[in-house]
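Trainee: Chains as they are written, first to last, in the working numbering: chain A, 1 to 95; chain B, 1001 to 1484.
Hints may contain errors.
Stated by the list, open to error - No farther apart than 30 angstroms at their CA atoms in a straight line, the calculated lysine-lysine pairs in the BS3-like style are these: (1) A:Lys10 - B:Lys1411; (2) B:Lys1411 - A:Lys78; (3) B:Lys1275 - B:Lys1262; (4) B:Lys1275 - B:Lys1479; (5) B:Lys1275 - B:Lys1292; (6) B:Lys1233 - B:Lys1262.
Don't read these hints as lab results, they were simulated from the structure.
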Amino acid sequence: MTLTTQDVEKVAHLARLQLDPQATDAYSQALTSILALVDQMQSIDTDGVLPMSHPMDATQRLRIDEVTEQPDRDHLQKIAPATEQGLYLVPRVVE
Amino acid sequence: MIELSLAQMAQGLRQKTFSSRELTQAFLDRISQLNPRINAFITVTAETALQQAEQADARLAQSDASPLTGLPLAHKDIFCTQGVRTTCGSRMLENFTAPYSATVVSRLEEAGMVSLGKTNLDEFAMGSSNESSWFGPTLNPWDLNAVPGGSSGGSAAAVAARLVPAATGTDTGGSIRQPAAFCGITGIKPTYGRVSRWGMIAYASSLDQGGPMARSAEDCALLLQAMAGFDPKDSTSIQRNLPQYADALHEPLQGLTLGLPKEYFGEDLSPAMAKVLEQAIQTLEKLGVRCKEVSLPLTRLAIPAYYVIAPAEASTNLSRYDGVRFGHRCDQPQDLEDLYKRSRSEGFGEEVKRRILVGTYALSEGFYDAYYRKAQQLRRLITQDFQSSLKEVDLLLAPTTPTPAFDLGSKINDPVQMYLEDIYTLGVNLAGLPALSMPAGQVAGRPVGLQLIGNHFEEARLLNVAHQFQQVTDHHLQKPSGIE
């Protein structure tokens, strides 16, 4: 599988990354060689094998549905790049 | 003082041979003297360390101390520390100060340990050489031309150079064991779920696991006792009692069977390393261990399976860095998409971007079955291989890496070459098993790591075998020759 620069640009957009146009070639080469490595997986027949997402096949532990945390908004927003009156600021989305 | 083990330091504190303040100052002096040469620390917290040391001395005076009270350590800069910046080796978090501390950090703090600072790492723990850090590479104290390994390379180099007696690390695909091997120290990756992931910045959540790095198995046992255990804040934390790791160290090894996976001793392994490991195996046999060959036929397939699963999970985890809530934000964003794209592109380095792209591609429409699902199916087969070999033997013994530490700059421009370095460590993470690396000798002045792999929850057995080995050998006491 060869990844063209167009493929890379499409994936970069999905990942919300903006690649330097001069670097796109290098990315497509690197990704192509990584995918060649990854394609070694196809040499093994895995028909009927259940996919494993947790090494001990554990499922998510549930807890009682009750309020346990009292978040301190001012404290948590101290690390935000831009806030106003408790809200996060972003460029205008709706005119 | 700096050459003592943690247990010896604890004894010295109790006998008033030295105070925690003196001990802490001695290590801080080493850091100011030697850190500029190896770049093992991103942040040094001298002032708070001395305050913590004074509190520890007060606790010791009131006999209100834990076995770890007053002992210095450092945290890999992937663990959130309230009030101290946590960068994860990335420009994205260059100015990030976490509003809370990771469970691991809180537990060791409650035990009275003194944190000297935060150690360098590959950006977001993605790397095997420490060269992808935004804060520059850490150098290997054994040889300044060599990498210290990664991603916990700063922790490994700091411990090896005696800048700190112990440090925390994390291991997603070998990131505790490989740098421990390259720097000649001991490190253990516990069973998945043994050590809380809460407050540990996520890379690949089904693989990430924190653990201790120190000079000996005995020191790792002391630290693991305090780090491990159930945490309700981590939804994958294991509810299971902890054994007394220090007690288990002294069990005799008679009657124990170690499996040597033949695929780990094949053509990938450097012949000089094989020779060093052969001697270590003979030493263990003198201690009463029996060794037999076993087979893990899918060993090589762990590389492609890992390099799908880990990037896929990373691309999801790292979607949180959006320039809105915390982390780097670009200047003058034109619109929301521009804000996301430029903040992320400026904040992330090349290897992180590559893995996000691979992961996004593997999870994108039309490719999911061929990549992510396939990798998860292989993950099950690889895990089954480990399980069947661990029915035949008690533990597995293997090299940690195919070669000793490689030269700086030799692999950083070829991601696939770098990924192949992880061949002996990745399978363990896919299967969620505990594994330890300890020094077994040297090749051309660079340390050789021996890996022990156990079944789930067999940490005590791994530490036991490593401790018994370290009782009759002195590889773990060797001092790095590259500095001083």
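Trainee: Now look at each hint and say whether the structure bears it out.
Mentor: Hint by hint, here is what the structure shows:
For the hint linking A:Lys10 to B:Lys1411, the alpha-carbon distance of about 28 angstroms falls within 30 angstroms, and the restraint holds. For the hint pairing B:Lys1411 with A:Lys78, the CA-to-CA distance comes to about 40 angstroms; that exceeds 30 angstroms, so the pair is violated. Note on B:Lys1275 and B:Lys1262: the hinted pairing holds, with a Cα-Cα distance of about 15 angstroms set against a maximum of 30 angstroms. In summary, the hint linking B:Lys1275 to B:Lys1479 is supported, as the alpha carbons are separated by about 22 angstroms, within the 30 angstroms threshold.
This hinted pair checks out: B:Lys1275 and B:Lys1292 have alpha carbons roughly 17 angstroms apart, not beyond 30 angstroms. The suggested pairing of B:Lys1233 with B:Lys1262 is violated, with an alpha-carbon distance near 40 angstroms, which exceeds 30 angstroms.
Violated hints, listed in ascending order, are 2, 6; each of the other numbered hints is respected by the structure.
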